[in-house]
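Residue numbers (our numbering), protein chains in the order written: chain G, 1 to 130; chain H, 1 to 273.
Hints may be right or wrong, so weigh each one.
Stated by the list, open to error - Covered stretches of chain H, as calculated for chain G (at least 3 residues, CB under 8 Å): (1) 102–108; (2) 157–163.
As the list claims (entries may be wrong) - SDA-like mimics (lysine to any residue), calculated; alpha carbons at most 20 Å apart, straight line: (3) G:Lys-104 with H:Leu-171; (4) G:Lys-104 with H:Arg-57; (5) H:Lys-172 with G:Gly-97; (6) G:Lys-104 with H:Pro-166; (7) H:Lys-137 with H:Arg-99; (8) G:Lys-22 with G:His-38; (9) H:Lys-172 with G:Asp-86; (10) G:Lys-104 with H:Arg-176; (11) G:Lys-104 with H:Thr-175; (12) G:Lys-104 with H:Arg-99; (13) H:Lys-172 with G:Phe-89; (14) G:Lys-104 with H:Asp-177; (15) G:Lys-104 with H:Leu-159; (16) H:Lys-172 with G:Leu-118; (17) H:Lys-172 with G:Lys-10; (18) G:Lys-104 with H:Lys-137; (19) G:Lys-104 with H:Gln-178; (20) G:Lys-104 with H:Lys-16; (21) H:Lys-172 with G:Phe-96; (22) H:Lys-172 with G:Arg-91; (23) H:Lys-16 with H:Ser-81; (24) H:Lys-172 with G:Glu-95; (25) H:Lys-172 with G:Leu-94; (26) H:Lys-172 with G:Glu-100.
Just so you know, these hints were derived from the structure itself, not from any lab.
The structure displayed is predicted, hence computed values, not measured ones.
Here a beta-carbon is modelled for each residue, glycine too, at the ideal position from N, C-alpha and C.
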Amino acid sequence: MTALIVDDSKFLRQYTRRILEKLGIDCKEAPDGQLALHLLQAGSEIDLMLLDVNMPVLNGLECVRSLRQQGLQPGMRVVMVTTESDHEFIRRALEFGADEFLMKPFTFESLCEKLHLLGISTHSPELRLL
Amino acid sequence: MTSEHACSFLSEVIRKESGNWTDPARNMRFECRLAPVLQSTGAASLEELAEMLMLDRNPNLYCAVAEAMTVNETSFFRDISFFNALRNLILPNLIQQNRSRQALHIWSAGCSTGQEAYSVAMVVRESFPELASWDIKILGTDISRQVTDYAQTGRFRRLEVNRGLPARMLLKYFTRDQEEWVIAPELRDLCEFRQLNLCAPVPSLPRFDLILLRNVLLYFAEEDRRGIFDMLYRQIQPAGFLILGASEQAEESTTLFQAEFAPGCYFYRPVER
Chain G
1 MTALIVDDSK
11 FLRQYTRRIL
21 EKLGIDCKEA
31 PDGQLALHLL
41 QAGSEIDLML
51 LDVNMPVLNG
61 LECVRSLRQQ
71 GLQPGMRVVM
81 VTTESDHEFI
91 RRALEFGADE
101 FLMKPFTFES
111 LCEKLHLLGI
121 STHSPELRLL
Chain H
1 MTSEHACSFL
11 SEVIRKESGN
21 WTDPARNMRF
31 ECRLAPVLQS
41 TGAASLEELA
51 EMLMLDRNPN
61 LYCAVAEAMT
71 VNETSFFRDI
81 SFFNALRNLI
91 LPNLIQQNRS
101 RQALHIWSAG
111 CSTGQEAYSV
121 AMVVRESFPE
131 LASWDIKILG
141 TDISRQVTDY
151 AQTGRFRRLE
161 VNRGLPARML
171 LKYFTRDQEE
181 WVIAPELRDL
191 CEFRQLNLCA
201 PVPSLPRFDL
211 ILLRNVLLYF
221 AEEDRRGIFD
231 MLYRQIQPAG
241 FLILGASEQA
251 EESTTLFQAE
261 FAPGCYFYRP
271 VER
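Pulled out of the complex, with its shape left as it was, chain G reads as follows:
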């Protein structure tokens, strides 16, 4: 399984990568939505995207809307990861095509639990879709 971590904060990309790698997930990184789209358009096989919202060039909401409209990686699960937490924002993110929503700051447990909700098992060393 491969995840794409999209966040303009290098620290947060590394923090998230450390958790995902512990769970046996390979990681790629992009510092903004535009570069993330380029990676997907170039055919990178991504199963899971952790997508920040407030980023330069192309923000997370526009990124998820665009990748869903283009039909890029249709089976890919997208989790919006952001400090935004009002209901209207969450509703819009889901309408644009996000599958789940995780508020910053988040812990190892809260990220694992979101993956479980998406049917991604993190119990066994061999990560698999349930």
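Fit chain H to the given chain G structure using the hints.
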């Protein structure tokens, strides 16, 4: 009194008060967990607290020590495979059985801050609209009054709604009130929370169709587990379901329940009376 003696005495206090067993290899936890008790009593160390308990057998202080040492780890929809079984198998079965009396009584034992009880309430409301006219009661109990009082408020912090709660459920069943998320009255009305010690005589309770005792037994000594299963047997309906944590089994402690297996999870049914 040495620190080792103090920990051993405190372990005994906790075992007597709550039935919870503390691992001597983890004595360091006393310092951290009992810090609020040390502060409220003015005791400068665990040794002083132990001496205080020996001299002044204040039941409130004994209770405070036991409560502070209980583990309150919980999250919404903890162990999603159980909630899938609840939705696809357990509740449909209970609905079938209880169609004539139109009532379901559910007990979340060791409920901590209430996320398990409210998650069950969400499944009931989300997947079984036909239960709207039924008498549904979800009782959450815990040895700590502090956590049951918290659960009863139905107000959760960011860290709590961030754990295990699907975004769609957050939108549908919670409203935001500054830095807290408040559970919808339609769910809060299904749930009631009370302080209850599983190792003490149980007050008058109805018989339950479903009892959740997940990730609780691991903190109890073997002899106390047997007593708890005896009590659960008295409190469960003859065709009820008992659910333990994913890594807990009843077989070593009781013959009163038999395991049945479902995809991704197992549960227990009481043996015939």
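Are there hints from earlier that the structure breaks, and if so, what are their numbers? 1, 4, 8, 12, 17, 18, 20, 23
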